[in-house]
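Enquirer: For reference, the chains in residue letters:
2 protein chains.
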Amino acid sequence: MIEFKLDPKGGVPFYRQIIDQIRYGIATGSLKVGEQLPTVRSLAVDLKVNLNTVSKAYKELEIQNILETQQGTGTFIGVSKIQINSGERKKKLADICSELLSIASSYGFTADDIIKEIKQR
Amino acid sequence: MIEFKLDPKGGVPFYRQIIDQIRYGIATGSLKVGEQLPTVRSLAVDLKVNLNTVSKAYKELEIQNILETQQGTGTFIGVSKIQINSGERKKKLADICSELLSIASSYGFTADDIIKEIKQR
DNA sequence: GCTATAGTACTAGTTGGCTAGTACAATATA
DNA sequence: TATATTGTACTAGCCAACTAGTACTATAGC
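Residue numbers (this note's numbering), protein chains in the order written: chain V, -19 to 101; chain U, -19 to 101.
One copy or two, it doesn't matter: identical chains are merged, so the pair holds either way.
The calculated EDC-like cross-link candidates involving lysine to aspartate or glutamate, where the alpha carbons are at most 16 Å apart (straight line), are:
hint, residue 1, residue 2
1, LYS99, GLU79
2, LYS70, ASP93
3, LYS71, GLU97
4, LYS96, ASP75
5, LYS12, GLU48
6, LYS72, GLU97
7, LYS39, ASP0
8, LYS72, ASP93
9, LYS36, GLU48
10, LYS99, ASP75
11, LYS70, ASP92
12, LYS70, GLU97
13, LYS12, GLU(-17)
14, LYS36, ASP0
15, LYS71, ASP93
If you're looking for bench data, these hints aren't it; they were derived computationally from the structure.
Kindly generate the complete structure, drawing on both the sequences and the hints.
Expert: Here is the structure:
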């Protein structure tokens, strides 16, 4: 189970906040494989947003093979990728690093700068 | 000097592409301190965009203390921050790393994962 | 001072992302 | 099979980001 919360400020869209919280829940173990998520309607009511907003979040996570949905039944944490497919996982990490490294380099920072900074934490 | 180029595809706004290219030019040494940039008009004609688009890029870089503009004279690479103000530089690096860490952690990656990935390059 | 050249300001149109309203379709279960 | 429950599809409105058009202001240099 997991407690959802939305922050209207900060500019992060609602559907993305939902996505992040589910991802984080899975990553930290609060959400387990096979567990059922709240229905789009109940979560929508709970968070006081439209059910399409919740639906959009679920849908995106389903595309990423993280959730599995069955009309009439509900939405569940998928057995599939996040823990299993280490190939895709590696690629994702590589993507994230590439993105941020290119930003950093446009500011004149090197990979070493970043590593040093991260290690300090 | 530097050769500007815009990519209409990819979704990166024109003004941001201009910013990135100037930053990159400074970081790599193609643009030197005190050097004059193309005028907003000439660069606008060159890139086939509105002069306001170029102006927006220059203005943003001026706010960041990277460029210095003088109405009637032109726009120049500033002597100031990018090389000198190491305080702001440090903060920028910290920001970038925070961003990187938070995105990565939402995917379940740790700081060590990131460091490993970056070192491989 | 006059004029060319440089940046600035104001306005407006377009577009895409986000959210909501509402109707539809599929499944479970009694 | 009837009905409740679940996800889906389609449409529309809002808003911010982006770009452009056009007029204005400041400086250089003759």
